[in-house]
Amino acid sequence: MSHPAEPTAIHDAAHEHEHGGTGVYAKTLIALLILTAITVAAASFDFGQGNVVIALFIATIKASLVVLFFMHLRWDKPVNAIIAMAGFLFLGIFILFCLLDFDARNNYLPSNLHAVADVPLAPGTAPAGEVLHTNPAAAAEGGEKK
Amino acid sequence: MEWLTRLMMPPAGSEYAKEIDFMYMGLFWLCGFLFLTIVIPAFYFIWRYRHRPGRVTPHVTHNTAVEIVWTIIPLLICVAIFFWGLKGWMEYAVAPGDAMEVQITAKKWLWQFEYPDGSRTINDLHVPVNKNVKFVMTSEDVIHDFFVPDMRVKHDIIPGRYTEVWFNPTALGKHVITCAEYCGKGHSDMHAVLTVENDADFAKFLETGGTEWEDYFNGKDPHKTPADWGRVQYETKGCNSCHTLDGTKSKGPSWKGIWGKMETLNNGQKVLVDEAYVRESMMNPSAKVVNGFEPIMPSFQGLLKENQIKGLIAFIQSLQ
Amino acid sequence: MSTTSVDLHTHSGGHAAAHADDPHHQHHFTTMEQQFDTSKIGMWLFLATEVLLFGGLFVGFGMMQARYPREFVEAHTHLVRWQGALNTVVLLISSFTMVLAVQAAKKGDKAKQVLFLALTILCACIFLVVKYFEYSHKYEEGWLPGRFYSYKGDSIPACHAAPPGEAAAAAPAANAVPCTNGYATFFSFYFMMTGLHGFHILAGIGVLSWILIRAKRGEFSASYYTPVDLVGLYWHLVDLIWIYLFPLYYLIQ
Amino acid sequence: MDHAIAPATRIGDQPRPKKNYLNETKGFWSWAGTVDHKRIGIMYLVGVLVAFLMGGIFALLVRLTLLTPSHKLFGKVLLTAEQYNRVFTLHGAIMVFLFIIPAIPASLGNFVLPLMLGAKDVAFPRLNLFSFYLWLTGALMAITAMVFGAVDTGWTFYTPYSTTTDGPVTLMTLAVFVLGFSSIFTGLNFIATVHKLRAPGMGWFDMPLFIWGIYSTAIIQVLATPVLGITLVLLVLERSFGIGIFDPRIGGDPVLFQHFFWFYSHPAVYIMILPGMAIISELIPTFSQKTIFGYRAIAYSSVSLALVSFIVWGHHMFVAGQSQLATVVFSALTFLVAIPSGVKLYNWLGTMYQGNIKLDTPMLYAISFLVLFAIGGLTGIFLGTLATDVHLTDTYFVVAHFHFVMVGGTVTAFIGGLHYWWPKMTGRMYSEAWGRVGCALWNIGFNMTFLTQFFLGSKGMPRRYYNYLDQFQPLHAFSTVGSWILGLGLFITAAYLLASLRKPMDAPDNPWNGTTLEWKTSSPPITHNFEEQPVLEREPYDYRPVLVAK
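So the sequences go chain by chain: D, B, E and L.
Under our numbering, the first sequence has 58 at position 58, and the numbering climbs by one with no breaks.
Under our numbering, the second sequence has 108 at position 108, and the numbering climbs by one with no breaks.
Under our numbering, the third sequence has 248 at position 248, and the numbering climbs by one with no breaks.
Under our numbering, the fourth sequence has 348 at position 348, and the numbering climbs by one with no breaks.
Rather than coming from a laboratory, the hints here were simulated on the basis of the structure.
Any given hint might turn out to be false.
[As the list claims (entries may be wrong)] Quick look at which bits of chain E chain L covers, simulated, 3 or more residues with Cβ under 8 Å: (1) 40-46; (2) 59-73; (3) 140-148.
[As the list claims (entries may be wrong)] No farther apart than 35 Å at their CA atoms in a straight line, the calculated lysine-lysine pairs in the DSBU-like style are these: (4) B/K220 / B/K305; (5) B/K256 / L/K26; (6) B/K224 / L/K459.
Glycine residues also receive a C-beta, built at the ideal position from the N, C-alpha and C atoms.
Sequences and hints are given; from them, build the entire structure.
Structure (structure tokens):
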């Protein structure tokens, strides 16, 4: 680029008018509404685990439409697209590695086991007056049995 | 090179520990070598190319071949080390099926061990030598960590979950168990003693709570009296986390000068501190609580063998 | 790069003079275009941080769902699907009006800009009204986060009915405390995520109103509409997050 | 490439302009309300140095307490266990959140980055000032928490300890939350600045390597810190309302907290070390008077370190109860970190080769960095290796390792960079002789303090211990004595740097014969940085003699 380009903000704004436009936005909105209807409809059938996948898949399509058209990323400078993708990419990493841990872990004590743990342990270790491992809701109900 | 290993690592209490030591020393020499590949050139260049006015430096921007070499070689070394470490770790991570199982409950700030036969100890772990022992651990309050330096194993103990660790001790004698995950005020005092003993001694231990007590009751050694045995119990059974020996008030009454004293209870009654009261206080602590103290002491019923109770009574008696 | 001819690709133009008079031009930028692009990068970076901020909650939700699958699915049924769907439609429409407002700003069409911004704010308010009814219903029923959870429905099992296989070791024999752990956690996440989202809606109403006032004053023109554009991006992100919240909470039952 | 141009590197000292950024305006509000990146940088510098002083005092107190097993000094117990726990928590939290994370990017980076780019300011000057006030707010909140008894959670805030212990945990957590946003906005600002405000002629690969380092850091700041924010919010809610996420008593999962925490805090380690490496990449070519060897390799290694830092966090949790699958995967990925770090070290050596090495104080610190960081990095191998990590984690070995990286690495580089840009920032030269003394004491003291701790750790001394076995006493005592020498070195450094401020301005514009754009302006720079928009004509670190113009 040895000779300076000509664009100015005005020029550039005019340039951007070639993209988008009320028609495109209206079509996007209609697509989004239709997809919403589809996802609600799909939820009333039982596909087992498939429901989650379908719901999130449709949500991702909708999100992409919003990002590409409403947020103009389709016509925007690549750097902004990279930043947006980086955000989702690192969120993906976060989810992926956490699931890697969680899915392979199954050694929980049954919930609230400790509410009645009968290990007579020594002293002075819990703050006075605090009963460890009781269920807060149960406490609220005055220990009402279900 | 054994001396160097001993300089850096604690005594090895198992075959696994020796493997870890070998790996540690291997990494030590490898990293030492890599360190020299950085430091020797650095100091040589500093001397060889020291500042001279007017010296013109060459304009070398890069050298792809050299750069590839010093990227690839470390990469290969790293891959090798990873697999080496993985091999050792698999041994640590997977307990053999035939292992004896000891339950550990950690709590601020003591350890409770429960053996397959139901007998329990506090801060005092006995295991038979050359046997696989697996520990199934959980915590009562916050995260703790079961660390046995001599066995080179450690694992966090998490409330609400079980975690496991195992070893196969080969070195007879005593080893330290410490808590390695920060857990508050008493974190650094959360020790237990691991005693590795032969099968006969271990069987005896399960019966009577150990063999050591005999030395204190046969009168042979003037430094080993029943009161000294009591002091050992005081230090290992968790008494010292609430009772002091110097008269200062802790969570429980101090033992200094308590023997033979008339204590006022929280219901206003008075009681003479004698053998019967002390015995009752260990077995059924909430029956007669000294005024000004919370009824927080747990029962030591089944936790203390007869010889230990006798020792403790003698010890309290001696604190006049 | 040692030529005297200057690489100007970061400064396309060098037309500083052309905008020297623009009151919005900041001194450290050479051109208005450079200034606009920079603002946009800044906004996108901010949106990326928002994605990760919400993302943390999504991860936490997913992890806890994996831990309490049964409780979570059951708790889901307490959410009213049509309310979620209605709010989805409202937000989608508000995104549409927002993008039209940006377009109007770009064209310098003040009347339309004000109209569409007002419509966007209206949609946001409708969203909050629906949320208000949702929240107050949850409050009445006691479907509240964590230790405030007090719903006494019959479906909640006692605690000893723990997931099979785990209780073997030390499960207590008789313990009939209702086990609300997973349920309470579900509503913790429900209120945190929709609450944080609602907070973003509130903040959105704030900035939209500010933009509306400035638009009324005629501050924006074809050569300067950066704030409208940036607020638009923010608003779409709020919409986008709801697009994920909706199926995750209202549809998986 | 023809070189028939005016010299870019050998700038003669221009007559010093009367007005510069320091004296252009005066008074409190001219600083408190400034949007000048240089003044904000100076304010940050003062702030982080005060934090460093506080954290340092706490560190000395920790070491002094550990001098003897009885913790007694002149017959009096120095700190009780509870006080000790609070002091080491304060040391960690202050050093990490108030000092090291903002130290290089927000102070030196703020000052130098726009100058190096040939820009008049950062992209968003007002946001920059806002970041500073967020930092200040966070700092004041942390100090308030300190006054109200301080927290004893450790800087890691592990649940369920942190949700059950006494003390102003909520306030401290919110302080860190606010500091996190300060960090996010700084990073955001720098990314936008690097993208859009480079001088004419400066392509991506014409940027000084310092910029690459800061840019990589900024990526982490922007992408990781929000997760810290949400983690701390969850922690506060758990503590205040029992929402049942982290506390197992109410159905939570404490290991989940560790995942959340380390998703930020592992990358945060690179927020700390990358700017340190960035400074070294400036110092070595400048004081070798030779072009950098492997520019692109160093630039790429910065970015790849930033990216890899996001996928290795689980190596903090090998024994913490995460799944075995996760442990193995995280260990394998952890070794990826070694490669770019090694590449940088060898490239710096390649730069020194055949150079013209001048051992001024900044270069002494750069060489210290090479040695100390090499030790810190290589001992990381022991910890990344699964089998040895099991024994070494949560012991003093880890303590020594991360002090070698963060103090031996980052803080050494920070002090080196401070000396390097001191003439530019203040217009004054400091005493070179005292500089050498300070650097020598720094090295002696540091190694005495922390090399010892490797031995303590491998011998089985767990970290965060108030009481320790008698057998460790000699090593602890040695380490404590080392900390005094370290402290003395820093005291001397502070003294001669402050003393230099009393002199009239005497620094030349380019005292080290540097090639990057910040040396093209006066020392100290004028308010708008450059008299004329600088245009990059040669790549950075070009030390070839300038040819005669055609």
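Is B/K224 close enough to L/K459, meaning Cα to Cα at most 35 Å?
holds (31 Å)
Given coverage of the region 59-73 of chain E by chain L, checked by CB-CB distance under 8 Å (3 or more):
holds (count 6)
Straight-line Cα separation of B/K220 and B/K305 no greater than 35 Å?
holds (22 Å)
Go check the region 140-148 of chain E versus chain L for me, would you? Three or more residues, Cβ under 8 Å, otherwise it fails.
holds (count 4)
Can you tell me if the region 40-46 of chain E counts as covered by chain L, using C-beta to C-beta distances under 8 Å and a minimum of three residues?
Check passed, 4 qualifying residues.
If you draw a straight line from the CA of B/K256 to the CA of L/K26, is it 35 Å or shorter?
Distance of about 69 Å is beyond 35 Å: violated.
Going down the numbered hints, you'll see the structure goes against just number 5.
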